[in-house]
Amino acid sequence: GEDVEQSLFLSVREGDSSVINCTYTDSSSTYLYWYKQEPGAGLQLLTYIFSNMDMKQDQRLTVLLNKKDKHLSLRIADTQTGDSAIYFCAEGYNKLIFGAGTRLAVHP
Amino acid sequence: DTGVSQDPRHKITKRGQNVTFRCDPISEHNRLYWYRQTLGQGPEFLTYFQNEAQLEKSRLLSDRFSAERPKGSFSTLEIQRTEQGDSAMYLCASSLADRGNYGYTFGSGTRLTVV
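Protein sequences appear in the order of chains H and C.
So that you can map any letter, position 5 of the first sequence is 5 in my numbering, and since no number is skipped, the others follow by simple counting.
So that you can map any letter, position 28 of the second sequence is 1028 in my numbering, and since no number is skipped, the others follow by simple counting.
Everything labelled a hint here was simulated from the structure, so no lab data went into it.
Yeah, the Cβ is synthetic: ideal placement off N, Cα and C, and Gly gets one too.
Hints may contain errors.
Unchecked claim - Sample of chain H residues at the chain C side, in silico, Cβ under 7 Å: (1) Tyr33; (2) Pro39; (3) Ala41; (4) Leu43; (5) Leu45; (6) Phe50; (7) Lys95; (8) Phe98; (9) Ala100; (10) Gly101.
As the list claims (entries may be wrong) - BS3-like, lysine-lysine: derived pairs with alpha carbons at most 27 Å apart: (11) Lys1071/C x Lys1057/C; (12) Lys67/H x Lys56/H; (13) Lys68/H x Lys1014/C; (14) Lys1011/C x Lys36/H; (15) Lys36/H x Lys1057/C; (16) Lys1071/C x Lys1011/C; (17) Lys95/H x Lys36/H; (18) Lys95/H x Lys56/H; (19) Lys95/H x Lys1014/C; (20) Lys56/H x Lys70/H; (21) Lys95/H x Lys70/H; (22) Lys56/H x Lys36/H.
Bound conformation, chain H alone:
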């Protein structure tokens, strides 16, 4: 069945780059997404990528997609304390399948 897997925790120093990884199983997925969730809040769409793309850059965010390996990554450049949150990878179109989330901790 459909499944999305992420590492659960990432700790980085402020100013460094963060790379959050995700693997998915549904090869027919048209869209893949990254969402951010801060404590007590809903999910905020950060970026998305079409399955026919390899890379998408949006300011400090870079998404890389390896369709062959069904691997998606999110790189955050110059990570700041305000980036501390849980990041969810998701695949799908009408119905999204989410990973369990990666908790990003940014320390001085």
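Here the structure of chain H is known, so what remains is to put chain C in place on it, guided by the hints.
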């Protein structure tokens, strides 16, 4: 437009009681989704509507759960005879399907605690 609104933000109920949550989507969005999120997990799909039609329901949505979107605007999610396992964050989201799916806009959720 202030985004997707959910009411209430928090609900504590006794086991066996019925609860109803409301979601007001972004006004021009024709699709509305309900998800459930438990601690330490990502959101799980429950159901979605296009306008007033309920197009898909998850197997997670037992007979005790019912969702409506009577006029294609706001939606309600009712849980009958609540159980402790229903304790979760219930998230609503909306999107405009006509422009492809560029991701949902989520509300802040309703946190349900069944005691």
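A quick look at each hint next to the structure:
{"no.": "1", "hint": "Tyr33", "verdict": "holds (5 Å)"}
{"no.": "2", "hint": "Pro39", "verdict": "violated (11 Å)"}
{"no.": "3", "hint": "Ala41", "verdict": "holds (6 Å)"}
{"no.": "4", "hint": "Leu43", "verdict": "holds (4 Å)"}
{"no.": "5", "hint": "Leu45", "verdict": "holds (4 Å)"}
{"no.": "6", "hint": "Phe50", "verdict": "violated (9 Å)"}
{"no.": "7", "hint": "Lys95", "verdict": "holds (5 Å)"}
{"no.": "8", "hint": "Phe98", "verdict": "holds (3 Å)"}
{"no.": "9", "hint": "Ala100", "verdict": "holds (5 Å)"}
{"no.": "10", "hint": "Gly101", "verdict": "holds (5 Å)"}
{"no.": "11", "hint": "Lys1071/C x Lys1057/C", "verdict": "holds (19 Å)"}
{"no.": "12", "hint": "Lys67/H x Lys56/H", "verdict": "holds (14 Å)"}
{"no.": "13", "hint": "Lys68/H x Lys1014/C", "verdict": "violated (49 Å)"}
{"no.": "14", "hint": "Lys1011/C x Lys36/H", "verdict": "holds (24 Å)"}
{"no.": "15", "hint": "Lys36/H x Lys1057/C", "verdict": "holds (25 Å)"}
{"no.": "16", "hint": "Lys1071/C x Lys1011/C", "verdict": "holds (25 Å)"}
{"no.": "17", "hint": "Lys95/H x Lys36/H", "verdict": "holds (18 Å)"}
{"no.": "18", "hint": "Lys95/H x Lys56/H", "verdict": "holds (22 Å)"}
{"no.": "19", "hint": "Lys95/H x Lys1014/C", "verdict": "violated (31 Å)"}
{"no.": "20", "hint": "Lys56/H x Lys70/H", "verdict": "holds (16 Å)"}
{"no.": "21", "hint": "Lys95/H x Lys70/H", "verdict": "holds (18 Å)"}
{"no.": "22", "hint": "Lys56/H x Lys36/H", "verdict": "holds (17 Å)"}
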